[in-house]
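Q: If you want the building blocks of each chain, they are given just below.
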Amino acid sequence: MTSTPTARPEAAAVRVCALTDLVPERGSVALVDGAQVAIVRTHDGQVYAIDNRDPYSGAQIIARGLVGTRGDVPTIVSPMYKQIWDLRTGACLDGAGSDPIALRTWPVRVVDGAVLVGGAAGAVDRG
Amino acid sequence: MIDMPEDTAPTTQQHLVIIGGGMVARRLVDALRARDGEGRWAVTLLAEEPRAPYDRVALTSYFTGREPEDLALGGQELWDDPLVTLRRGVRAEAIDRGARTVTTSTGQVLGYDALVLATGSYAAVPPVPGKDLRGAFVYRTIDDVADLRAFVEQRRGEVDRPVRGAVVGGGLLGLEAAGALRALDVDTTVVEFAPRLMPLQVDGGGGEALKRLIEGLGVSVRTSTATSKIVGERGAVSRMKFSEGPALDVDVVIFAVGVRPRDELARDAGLEVGERGGVVVDDACATADPAIWAIGEVACIGGRCLGLVAPGYTMAEIVADRLLGGSGTFPGADLSTKLKLLGVDVASFGDAFAQEPGALEVVISDPVAGVYKKLVMSDDARTLRGGILVGDASAYSSLRPRVGRELGGDPAAHLLPEGLAPAPAGDLPDEAAVCSCNNVTAGEIRRAVCEGGCTDLAGVKACTKAGTSCGSCLPLVKKLVTSELEAAGVEVSRALCEHIDLSRAELFDVVRVQGLTTFSEIIARHGRGRGCDICRPVIGSILASLGTGHILDGERATIQDTNDFVMANLQKDGSYSVVPRIPGGEVTPEGLIAIGEVARDFGLYTKITGGQRVDLFGARIDQLPQIWQRLVDAGFESGHAYGKSLRTVKSCVGSTWCRFGVQDSVGLAIDLELRYRGLRSPHKIKLGVSGCARECAEARGKDVGIIATDNGWNLYVGGNGGFTPRHAQLFAEDLDTDELVRTVDRFLMYYVRTADRLQRTAPWIEEHEGGIDAIHSVVLHDSLGIAEDLDAAMAAHVDGYRDEWAATLADPDKLARFAPFVNAPETVDDSLAYVGERGQARPATAQERASGSVLIAGTTLEVRA
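These protein sequences, in sequence, are chains A and B. In terms of the numbering used here, the first sequence has 28 at position 28, counting the first letter as 1, and numbering is strictly consecutive. To convert a position in the second sequence, counted from 1, into the numbering used here, add 127.
Some hints here could point you the wrong way.
As the list claims (entries may be wrong) - Simulated restraints on C-beta separations: (1) Arg944(B) x Arg109(A): 40 to 46 Å; (2) Arg109(A) x Val637(B): 39 to 45 Å; (3) Gly95(A) x Asp223(B): 54 to 60 Å; (4) Gly95(A) x Val236(B): 26 to 32 Å; (5) Asp760(B) x Ile101(A): 23 to 29 Å.
Said to hold, decoys possible - Now the stretches of chain B that chain A is said to cover, found in silico as 3 or more residues with beta-carbon under 8 Å: (6) 291-299; (7) 583-592; (8) 696-708; (9) 863-870.
Quick caveat, the hints were computed from the structure, so don't treat them as lab data. Backbone N, C-alpha and C fix where the C-beta goes; we use that ideal spot for every residue, glycine too.
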């Protein structure tokens, strides 16, 4: 099994958990088609899904980073080397001294209190 | 046609040879390389000592624990410059002015286009019989002080009484040397020929005050006394005789009667020397030979040699300027001095002796408080001419630049202790010299801010060099920078980050006083947005320091960095390491076996830490609760290796077992570790306790270091290892255990409340207004009236301590957060891969992962070596 997500069409959205399973502003990890995906519920109730793999260290740790904001942008910070990403787009806002590397994101929907990742809206691969 | 860039390199590069490897020589190289962007000059520096130029002014600090390398001046980069050649241990033997060559002690003949003599001085030795006996020293180089130390240590082993020493000369250098002897625990007498100490800097009243202060430190002083003979015994110093008065039994004598310029190269080369020695130069530092210059102590400028570093630096700057075609001239020496001798402040500036006709003296002399302060004013009592400060020189940095200017108000007000007088600062004229070591004016500092774009003290120091030598002007530089920034409408930002405008210390106070307990409350009232990786952990730390509950309670869980969140240390592959607390490094065999069994059962790589405990690596996040259940059951608790908090109290085995130990260092270390465990702080805190002066616990490398004495404990603060190692400084001596604990309580709590984020104790002390002396006043003399409050805060911490891991294991909500996957709680994270090495697991490299020869981490990991 590979731990690195590859760009391929998602068959369908995957239910990963209930919204109430997610602690606001603290990431969780879900397995989606074999890939580790960081699921983050922000203070305003939005839910984001972003690659859990830190491209700088190769470790599966993004979900363990601190969640916050930069201006109006919801962010997550790598707990390893402190790079900062835009949770909405996966864009790297601060490479912390290295070249910025974007993270893949997945579309997320909350339906009847369930969190669905991937599927209809199509995967957005920014890696 | 395309314009090609012109070759800007000069067609003929010139060669500068500098003879001498002292501070002034280094300054010349520094100044020249900073300005000679085109590389017109290549420089060769001949340094007789086997090391690069070092801070000779700080020589005495060698005895208070600093190493020779701590005396280094500036960075090593200067010597890596391709245009700079430093020849260590190479002396110049002769100058051939006709051929423009220098012959070195290695027989090399160096051509020069310009030659600078920066040979400095010899320490003068008076023609006293016995001056060459073993045990007679001078005080000039690192080698001198190293020899002195070795001799004293050897002598200490031979006699069963304190080693006795005398310093001949009660001037600046003599008192420095006396400080060195005191630091070596030598019973010290200072012998001065003049009727008072420091006769060149202070007057009779100042001399008296100085004598009282120094005698109060246990140093005997004999003034108006001439040494007539040193009597030897088996070739070593044993007794001093004087022109009058009783003889003195001594083991070691230091001559500190002055210096003699090292001008013999110049004499041999036929250059003019002064009446009392020194190479005669004009106000451009040039000799009669247009290719030869002299700077520093060897230069006889305006008819005299100057033994201070500041005018030497000025001369170095002038020669650098002249070599590049400038026309700088020596403005006359500012012989102002501010020193801390044996811990006593002494400053002398301007017309200290009121030699100008009609000068008025304003004197405050308080023998009880141990201060003597004098201002010399012009005959109309308006203009400051000079002054002397003994015992408290805090006014020096603001007074010295005002020499020659109207002081304003009642002169005596300027002599009141800081805080009682209106602090004059921002209105200094631009041309006033603020930093006399580096000749930086108030105007240059202001321009660095308003034109140079510097926004803080560190930037201004880097840009102007102000305050980078002796540092005595730093309080004033800071005031100037702050008022300039404020005047420019730039708010002096102490903001933590984009979300919080307060500094950490301010935020701490606000949270404490307003009794705030949640991140959302704090950010709503004192900030904006939802925080970041800076303010979130800071708020988490502050809330934890204030004892407001478990670090993972409620919303607080979201503001902890991953280490605090899972209470373990993140490693490079995403696994964690686990460190159970082993207070004082004392562990039972059963405890050690329990740790070993946990490590074995979970396949954890095991290593002994520098803090005398055991680190277990390679735990998956979901294994942490199981691992900790085992450890807690075996009687262990969190070691907080993951926290910005107390780490360990390292100890040596102490008087319980050690033949040399004088106190129970392990017992104290355990008590302290149990007292401060879990205390969250701006950065990690490490303590050490040594059972005797041999210091096997390396306590002086710790934030708080404690060393046993025959009478109790000596307390040191502000040490650390790491990127910028620092030795801790002596804070209090011979404390009993209760006094010690109270002092450490207050020191730590004051640090916790007022330091910046991620600022360890050493930089905190350095940047604290008034430095270690001010902290000393707060902690030991309650100068801010907060001691009771600090004591109460520490008592609350001690009473409120709970083991974070035990509490987490008892809380199902907290345990749920260790599940690896929200949609597959039982699935093991397969991204971790290990290989065996020396019988243990280590993370697999990318190549090893690719080749598939890896072991998957698991509770039954079999490791093949």
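Q: Does each hint fit the structure? Answer for all of them.
A: So, going through the hints one by one against the coordinates:
1. One distance hint, 40 to 46 Å for the beta-carbon pair arginine 944(B) and arginine 109(A), is violated here, with the actual separation near 24 Å.
2. About 41 Å separates the C-beta atoms of arginine 109(A) and valine 637(B), a value consistent with the hinted range of 39 to 45 Å.
3. Distance hint for glycine 95(A) and aspartate 223(B): a CB-CB separation of about 59 Å, consistent with the stated range 54 to 60 Å.
4. Between glycine 95(A) and valine 236(B) the beta carbon distance is about 54 Å. The supplied range of 26 to 32 Å is therefore violated.
5. The given range of 23 to 29 Å is broken by aspartate 760(B) and isoleucine 101(A), whose C-beta atoms sit roughly 44 Å from each other.
6. Proximity of the stretch 291-299 of chain B to chain A, defined as three or more residues with a beta carbon under 8 Å from a beta carbon of that chain, is not established by the 0 residues found.
7. Three residues within the 8 Å Cβ limit are the bar, and the stretch 583-592 of chain B against chain A gives 0, so the coverage statement is violated.
8. For a cut-off of 8 Å, the count of residues in the stretch 696-708 of chain B with a CB near a CB of chain A stands at 4, and the three-residue condition holds.
9. Three residues within the 8 Å Cβ limit are the bar, and the stretch 863-870 of chain B against chain A gives 0, so the coverage statement is violated.
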